[in-house]
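Sequences listed follow chains W and G, in order.
Position 60 (the first sequence) corresponds to 60 in this note's numbering; numbering is contiguous.
Position 46 (the second sequence) corresponds to 46 in this note's numbering; numbering is contiguous.
Honestly, the hints are just simulated from the structure, not real lab data.
It is possible that part of the hints are untrue.
[As the list claims (entries may be wrong)] Pairs of lysine-lysine residues, derived as DSBU-like cross-links and limited to a Cα-Cα distance of at most 30 Å, are as follows:
1) W:K168 to G:K178
2) G:K178 to W:K166
3) W:K188 to W:K235
4) W:K175 to W:K215
5) G:K44 to W:K164
6) G:K251 to W:K166
7) G:K44 to W:K215
8) W:K175 to W:K236
9) W:K236 to W:K166
10) W:K175 to G:K165
11) W:K169 to W:K215
12) G:K251 to W:K235
13) W:K215 to G:K251
14) W:K164 to G:K178
15) W:K170 to G:K44
Now for the letters of each chain:
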Amino acid sequence: MSKFAAGKGFAVTALVAAMSFSGMATAGVTDKDILNDQATTGDVVSNGLGLRGQRYSPLKAVNTDTVKDLKAVWSFSFGGEKQRGQESQPMVKDGVMYVTGSYSRVFAIDVKTGEELWQYDARLPDGIMPCCDVINRGVALYGDLVIFGTLDAKLVALNKDTGKVKWKKKVGDYKAGYSLTAAPIVVKGKVITGVSGGEFGIVGKVEAYDAKTGKIAWTRPTVEGHMGYIWKDGKKTENGISGGKPGQTWPGDLWKTGGAATWLGGTYDPDVDLLFFGTGNPAPWNSHLRPGDNLFSSSRLAIDPDTGKIVWHFQTTPNDGWDFDGVNELISFDYNDGGKTVKAAATADRNGFMYVLNRESGDFIRGFPFVDEISWASGLDKNGRPIYIDSNRPGNPAAATDGKKGKAIRAVPSFLGGKNWMPMAYSQDTGLFYVPSNEWAMDIWNEPVSYKKGAAYLGAGFTIHPTNEEYIGVLRAMDPKSGKEVWRYKNYAPLWGGVLATAGNLVFMGNPEGYLMAFDAKNGEMKYKFNTGSGIVGSPITWEMDGEQYVSVVSGWGGAVPLWGGEVAKRVKHLNQGGSVWTFKLPKEDS
Amino acid sequence: MKITTILTLCLSLMLSAGLQANPQTDPLNSVMWDYNRQIFLGNKAEYVFDDRIKVGVPAFAEDPTQVPLDIDATALTGRIERIVSWADLNPIQHIFTYYPHSDVLPKISLRIKVQQATAVRAAVLTTDGVWHIGSSWLEATGGGCTTPSVGNADPYWESHLGETKSRVFKGAQSSRYKFRVIHPMDTGLVGSIPEFFIQQVELRDDSGSALARMELSPPVSENPVITFDLRTTDAQHHLWLRDNNGNEFEKAL
Numbered sequence: 001m002s003k004f005a006a007g008k009g010f011a012v013t014a015l016v017a018a019m020s021f022s023g024m025a026t027a028g029v030t031d032k033d034i035l036n037d038q039a040t041t042g043d044v045v046s047n048g049l050g051l052r053g054q055r056y057s058p059l060k061a062v063n064t065d066t067v068k069d070l071k072a073v074w075s076f077s078f079g080g081e082k083q084r085g086q087e088s089q090p091m092v093k094d095g096v097m098y099v100t101g102s103y104s105r106v107f108a109i110d111v112k113t114g115e116e117l118w119q120y121d122a123r124l125p126d127g128i129m130p131c132c133d134v135i136n137r138g139v140a141l142y143g144d145l146v147i148f149g150t151l152d153a154k155l156v157a158l159n160k161d162t163g164k165v166k167w168k169k170k171v172g173d174y175k176a177g178y179s180l181t182a183a184p185i186v187v188k189g190k191v192i193t194g195v196s197g198g199e200f201g202i203v204g205k206v207e208a209y210d211a212k213t214g215k216i217a218w219t220r221p222t223v224e225g226h227m228g229y230i231w232k233d234g235k236k237t238e239n240g241i242s243g244g245k246p247g248q249t250w251p252g253d254l255w256k257t258g259g260a261a262t263w264l265g266g267t268y269d270p271d272v273d274l275l276f277f278g279t280g281n282p283a284p285w286n287s288h289l290r291p292g293d294n295l296f297s298s299s300r301l302a303i304d305p306d307t308g309k310i311v312w313h314f315q316t317t318p319n320d321g322w323d324f325d326g327v328n329e330l331i332s333f334d335y336n337d338g339g340k341t342v343k344a345a346a347t348a349d350r351n352g353f354m355y356v357l358n359r360e361s362g363d364f365i366r367g368f369p370f371v372d373e374i375s376w377a378s379g380l381d382k383n384g385r386p387i388y389i390d391s392n393r394p395g396n397p398a399a400a401t402d403g404k405k406g407k408a409i410r411a412v413p414s415f416l417g418g419k420n421w422m423p424m425a426y427s428q429d430t431g432l433f434y435v436p437s438n439e440w441a442m443d444i445w446n447e448p449v450s451y452k453k454g455a456a457y458l459g460a461g462f463t464i465h466p467t468n469e470e471y472i473g474v475l476r477a478m479d480p481k482s483g484k485e486v487w488r489y490k491n492y493a494p495l496w497g498g499v500l501a502t503a504g505n506l507v508f509m510g511n512p513e514g515y516l517m518a519f520d521a522k523n524g525e526m527k528y529k530f531n532t533g534s535g536i537v538g539s540p541i542t543w544e545m546d547g548e549q550y551v552s553v554v555s556g557w558g559g560a561v562p563l564w565g566g567e568v569a570k571r572v573k574h575l576n577q578g579g580s581v582w583t584f585k586l587p588k589e590d591s
Numbered sequence: 001m002k003i004t005t006i007l008t009l010c011l012s013l014m015l016s017a018g019l020q021a022n023p024q025t026d027p028l029n030s031v032m033w034d035y036n037r038q039i040f041l042g043n044k045a046e047y048v049f050d051d052r053i054k055v056g057v058p059a060f061a062e063d064p065t066q067v068p069l070d071i072d073a074t075a076l077t078g079r080i081e082r083i084v085s086w087a088d089l090n091p092i093q094h095i096f097t098y099y100p101h102s103d104v105l106p107k108i109s110l111r112i113k114v115q116q117a118t119a120v121r122a123a124v125l126t127t128d129g130v131w132h133i134g135s136s137w138l139e140a141t142g143g144g145c146t147t148p149s150v151g152n153a154d155p156y157w158e159s160h161l162g163e164t165k166s167r168v169f170k171g172a173q174s175s176r177y178k179f180r181v182i183h184p185m186d187t188g189l190v191g192s193i194p195e196f197f198i199q200q201v202e203l204r205d206d207s208g209s210a211l212a213r214m215e216l217s218p219p220v221s222e223n224p225v226i227t228f229d230l231r232t233t234d235a236q237h238h239l240w241l242r243d244n245n246g247n248e249f250e251k252a253l
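Start from the sequences, fold in the hints, and give me the full structure.
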């Protein structure tokens with residue numbers, strides 16, 4: 001930075017000099033730090049507390065006995081007039097927290113005091129097109145860089161000490177509907193990102209960039225028929241068409257605007273050396289326009305991190321007609337089956353089914369509903385493909401007498417999903433998945449639509465209804481071996497925040513009513529709650545500093561529910577916006 | 001011993017340059033002189049007020065968001081290391097820091113924003129370690145730094161960001177480059193509009209090395225218009241710009 005950057009800048013310079021001096025012992029975040037993140041409790045350097053995305057911490061100072069004493073130590077406001085949904089997962093490294101806010105903002109905070117060290121506000125054009133609120137889900141850390149995606153579809157790398165831009169790359173054209181909201185991940189020195197924009201007829205893709213320089217390494221489209229590319233010594237080389245060739249599972253030209261956005265980012269498992277990315281709904285929503293399976297929409301893709309090739313895929317909702325936008329995270333875990341270790345992975349889909357897959361091959365092991373009602377399928381066949389109930393697919397507008405509106409049907413779950421973006425957690429102690437889910441239905445009908453760059457590309461109308469008066473949100477403990485629900489916690493408003501499991505036999509989660517809550521992981525008994533002042537739609541973390549365990553979570557109501565929620569709006573319209581990060585610990589015992 | 005050397009040096013400089021009677025007193029008597037001097041020159045830097053440094057401003061800032069500023073240090077003998085310019089009473093004082101190559105004339109023109117009537121400074125550091133200070137008083141009604149950029153009322157800049165218009169004026173012994181680049185240059189002092197400004201400007205020759213290097217701050221006006229003067233008339237140059245969001249722009253002149 002400039003030595004003479006204004007009066008305020010001068011003070012910052014001195015501070016930065018002091019910080020970089022004290023930080024000289026550390027070389028920044030390495031690939032090893034990221035791979036060991038789950039085991040190293042002194043920091044959080046990956047989204048999901050480990051690239052497998054288990055959101056499980058071995059810390060246990062805060063446990064079912066002590067959690068009642070948990071106290072807030074500081075709260076940091078994101079400030080400004082910009083609030084809206086705060087869906088970030090903070091990261092912590094060497095005493096500094098890196099957390100994102102709405103409108104593509106990044107904050108670096110001294111975790112001892114809650115004081116701001118720097119802030120980066122991306123200057124966004126007015127023309128950005130986020131479908132589902134101006135949120136961001138967090139940063140990636142690598143070396144001395146803090147890397148995040150912006151709402152105008154840029155990947156930005158900031159210096160961790162100053163917040164100054166080191167490199168910046170355009171991932172997609174925001175005028176065509178591309179944006180970035182997910183936290184990128186770093187695997188083998190490459191920063192891997194997906195894209196958002198499935199409601200605008202974009203073409204989903206996964207891309208890898210050299211994390212240090214921002215140079216592109218490969219790009220993999222997630223719609224059948226599009227060419228992938230790899231860069232070798234700076235030269236762009238063809239790297240195979242996704243799915244082999246166009247026109248196999250899509251009619252006509254629809255694959256050219258096929259959606260399948262990779263908007264939630266991905267996970268990685270070093271045992272099998274594969275990236276796992278979910279893909280969203282095919283575009284448009286009206287499924288009668290695109291008979292066929294519409295690969296690779298509503299799927300889980302296993303991608304080789306070195307080449308960007310698709311190794312296997314598993315499609316949860318072929319020819320989706322309900323916006324079962326199945327990007328949901330695939331979490332790697334091992335379990336014992338008659339003395340044999342199974343390398344498995346689990347995912348709880350928007351469509352209401354939870355799937356356990358073999359993560360080496362993508363083979364279906366088992367699947368089961370995790371919501372109370374599923375109206376559109378009677379079950380899954382032996383390969384995990386849904387057995388459709390044809391009368392519960394929204395009707396074809398072309399078959400209607402006026403040709404304008406197809407037959408409306410009631411579908412459960414609603415398009416906001418049995419589970420939406422909010423990540424579940426897996427406890428290595430209980431062997432259970434803790435799934436934040438919602439019980440809601442929708443009326444949905446199809447309408448004619450054609451593609452226009454930068455315009456919504458849905459071809460559907462809809463409205464969401466709660467299915468009962470008592471609750472929408474349900475936090476469920478699911479056994480991946482039996483498919484049984486072990487316990488549930490019911491919440492009046494829909495759940496929209498991530499989950500954290502710890503070795504202290506606890507499960508942490510926030511709710512839109514503003515409470516950070518902790519449950520007994522074995523039986524679901526609520527052991528703690530604290531109101532953070534605005535709704536929680538972010539993902540909690542825990543880490544250790546100076547021998548004490550800390551818990552942090554962002555607070556700030558928003559996301560897709562208030563924008564798309566239909567009748568559900570009644571349950572959430574009194575919830576106020578916010579924008580802050582809260583940090584908790586146990587009081588220090590007097591010696 | 002060291003102090004004696006410096007004193008001797010100062011004295012000899014003052015004598016040789018024929019400076020004002022008391023070079024340490026701010027001729028504009030600004031309350032912010034000492035504060036800014038310490039920030040931009042450092043606490044112990046040697047400096048002199050020097051009439052050879054011309055700071056050209058209009059008598060009155062008709063439009064406080066676009067005030068022409070011309071700085072000319074060509075009367076100074078000796079190699080120049082850098083030029084730092086600031087406005088004493090702006091909320092963000094620093095305007096630019098300029099590192100001219102010996103092939104470039106030490107003069108520059110651009111437009112700035114002012115928040116109120118203020119002293120405008122140019123501090124020129126010569127290789128002997130002495131800062132030569134030029135100053136001018138600018139009358140203004142103010143508000144230039146806390147008014148939203150014009151671009152904010154119109155999405156035009158979004159699709160034209162970094163577009164540059166330039167002209168070359170060839171003289172007998174020198175050539176002048178003038179360019180205008182589309183950029184909102186937001187100060188960050190307006191609610192809900194984050195700071196967004198061109199931070200680095202470089203005039204590069206064919207081999208890519210910089211002839212002139214500037215670091216800008218948000219008081220440089222929206223859609224900056226900047227003029228460089230070169231001693232050469234033949235070489236090919238291009239302009240490289242980078243803003244604080246990391247956007248880079250390049251343009252052949």
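Outcome of the hint check:
For a cut-off of 30 Å, the pair hint linking W:K168 to G:K178 stands: about 28 Å separates their Cα positions. Only pairs whose Cα atoms come within 30 Å are accepted, and G:K178 paired with W:K166 is accepted, the gap being roughly 29 Å. For the given pair, W:K188 sits about 20 Å from W:K235 by alpha-carbon distance, which is consistent with the 30 Å threshold. Proximity of W:K175 to W:K215 is assessed by CA-CA distance (about 23 Å); at most 30 Å being required, the pair is judged to hold.
A distance of roughly 29 Å separates the Cα atoms of G:K44 and W:K164; the hinted pair therefore holds under the 30 Å criterion. A C-alpha spacing of about 21 Å is found between G:K251 and W:K166, which places the hinted pair at or below 30 Å, so the restraint holds. The hinted pair formed by G:K44 and W:K215 fails the criterion: a straight-line CA distance of about 44 Å is larger than 30 Å. For the hint linking W:K175 to W:K236, the alpha-carbon distance of about 25 Å falls within 30 Å, and the restraint holds.
With a C-alpha separation of about 23 Å, the suggested pairing of W:K236 with W:K166 holds against the 30 Å cut-off. Annotation: proposed proximity of W:K175 to G:K165 holds, straight-line Cα distance about 25 Å (limit 30 Å). A distance of roughly 8 Å separates the Cα atoms of W:K169 and W:K215; the hinted pair therefore holds under the 30 Å criterion. Restraint check: the Cα-Cα separation between G:K251 and W:K235 comes to about 24 Å, which is no more than 30 Å; the hinted pair holds.
Our distance criterion of 30 Å between C-alpha atoms is met by W:K215 and G:K251, whose separation comes to about 22 Å. For a cut-off of 30 Å, the pair hint linking W:K164 to G:K178 stands: about 29 Å separates their Cα positions. Between W:K170 and G:K44 the alpha-carbon distance is near 45 Å, which puts this suggested pair outside the 30 Å criterion.
Hints 7, 15, counting from the list given before, are not met by this structure.
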